[in-house]
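Going line by line, the protein sequences match chains S and Z.
So for the first sequence, the numbering used here puts the first residue at 1; every next one is plus one.
So for the second sequence, the numbering used here puts the first residue at 1; every next one is plus one.
Because the hints were derived from the structure by calculation, they are not lab data.
Everything numeric in this text was worked out from a predicted model, so none of it was measured.
Just so you know, not all the hints are guaranteed correct.
[What the hints assert, rightly or not] For the chain S half of the interface with chain Z, some residues (derived, Cβ under 10 angstroms), not all of them: (1) M54; (2) G137; (3) S144; (4) L277.
C-beta atoms are modelled at their ideal positions from N, C-alpha and C, and glycine is treated no differently.
Number of protein chains: 2
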Amino acid sequence: MPRIDSTVTHLSSSLSTLGEFGLISRITAGVSPGGSVITGIGDDAAVTSLSAGMQLLTSTDMLLEDVHFRRAWHDPYRLGRKSLGVSISDIAAMGGIPRWALLSLAIPSDLPLDFIDEFMRGFLAMASENQVFLVGGDTCSSRSGLAVSVTIMGEQYPDLIVRRAGAMPDDDIWVTGTLGDAALGLKLAEDAGFCPAPPAEKSLQNQSPPNTHCSPDRAGGGMQSLLSRLLDPNPQVLAALTLAEAGLVTAMIDVSDGILADYGHIAEQSGVGGRILLEDIPFSHSFHSCTASFPAIPYHLALSGGEDYELCFTADRSNREKIADCMEKCGIAMTRIGIVTRFPGVTVVNTDGTPYNSRAEGFNHFR
Amino acid sequence: MPRIDSTVTHLSSSLSTLGEFGLISRITAGVSPGGSVITGIGDDAAVTSLSAGMQLLTSTDMLLEDVHFRRAWHDPYRLGRKSLGVSISDIAAMGGIPRWALLSLAIPSDLPLDFIDEFMRGFLAMASENQVFLVGGDTCSSRSGLAVSVTIMGEQYPDLIVRRAGAMPDDDIWVTGTLGDAALGLKLAEDAGFCPAPPAEKSLQNQSPPNTHCSPDRAGGGMQSLLSRLLDPNPQVLAALTLAEAGLVTAMIDVSDGILADYGHIAEQSGVGGRILLEDIPFSHSFHSCTASFPAIPYHLALSGGEDYELCFTADRSNREKIADCMEKCGIAMTRIGIVTRFPGVTVVNTDGTPYNSRAEGFNHFR
């Protein structure tokens, strides 16, 4: 797509000198071939080949600067990883095998070329860890912030694909890993007014605008661990594939808007309800240590905080042992947090058996 | 993807009242089922099924307000059509059958809900005309302008897919339709300082910011035709499929950055060059009538203007008659404009046989 308006004059000289095709070459320099990619970057469309008997899974996410991320907080390497990771998480939640990605970047004039290099290094590292191949995309200039749009494609045999609909009354409700870490990390960082320390990998000097208040020293190890969950989430591909291929789950979703909202989607689409036991929600050591001085455990961060990128799934009670086996095989914790009910509505029950009163209902982009 | 920053407070009350899921319901209200869509909108990923023996074709485009389009110029209905049309054009250029689309929208706070409704009406009309099914997407709030990201998926038998590489020395160079209309429309509209009249279909009252100078009366019929090419391009799916399925073409590309740049991609990837004859470039009646008072024909608009969304293809000289048959069958003009040369470099030759001197090299987003 050419640009309708040719009057933009504030582009960084480096970007301007490089030009569109130079930039594309730079972006795609680290792209490796493979993965049933027949024609990758450089034609009107990419050509790929599905495995025999498999169906195509597709999902897309848009990430906007100052809406989904802040450049002062998010080092480009981890932003690149997360941009792809959140999409991979969607394929995992269907029990799918992630395969190919498309990446569109709208680049503001003040973005250093190094930022793009680091972003791509992170994006391609996440791709490589999950055997995903970048096959195409789009680049253009942006008059406001950086905008990233990622499309992910995956595949799976029809009978192994797991949908949101499928949960049955009396099924167990499970989650992988721990909940609330990312939301707590965000809250603590916002309260303290500091930005996260750079990741262990090489990072940039110029990534923070001058008006941010960075005091990385104030962030302890627990805090760094929480922030890592926010800035560099790890899609649960292995756990999802192991569960799906073993045929153990009746419904699955990735937890991106908080467990209440996301299990709510399973319940709604399955025509059931659910009862979640507060005391069974899994928290990390970092979550506990960073909230030790709080008057009460901030359960709402786990229930409605968002950005966990764990899996929530339902399974017949007879599968508990097999799921424990999966857990051991994957090295990923899986915790039962409740029961699917016949009647609609999701309730949360306190440790003393009384209903937990929370108005939080997950993240709503337009509220 | 939830939003990292929960402090945005300037959203329009209507959008805010509707909420994210209400908006998604509104956007998807007109989506029709069909087209091998097994699971469409509403799960973590869409599930679709490729036709037996076909390969997957994918492409993505991002359209940003004030970069690719202006809201004052572009009525939402035609913007919706174009957002999908330019992506369909990429699948067509590969000889592919367009099948499914993903749509992401980043929506500014001041965007009326009616704008979104009209945008979707246009998007889905373009989809329906091309038997494309919307299967997923993403919505979020934008702190600057409207951002649209479209991913298109298509399919084709491997031996019918046409790439940029494949042009052979002495092949003819062809284009469909006429060139330069969109670029001339843009130039005339910018010079005159007016915005286009609304399309024949129902359009919105509130689409123009107050600071635009609208004088639709000043736009004549020829001008409206040129602007239509700019605002509502028509992807050449039928022509592309007819040519590809008849096995008549050696290379193909869609003309989005100007014929010089786009044929240049064919030449580069095929390891050949080309000679384009200026007098053979096809112009529309509107182009001729609107440039009748010009000191000379503005050939550069056809060579480097962009946004034509016609097809440029190469074919063996022995196929001239068969291509004429295709042309008749499709009702779409196809014109020979030059010859593929053995040696690299694309030259343009004047009507008097001398080399045409143009520095224009197609649109570059970062220059």
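Numbered hints the structure breaks, given as an ascending list
Hint check: 4 fails alone, others pass.
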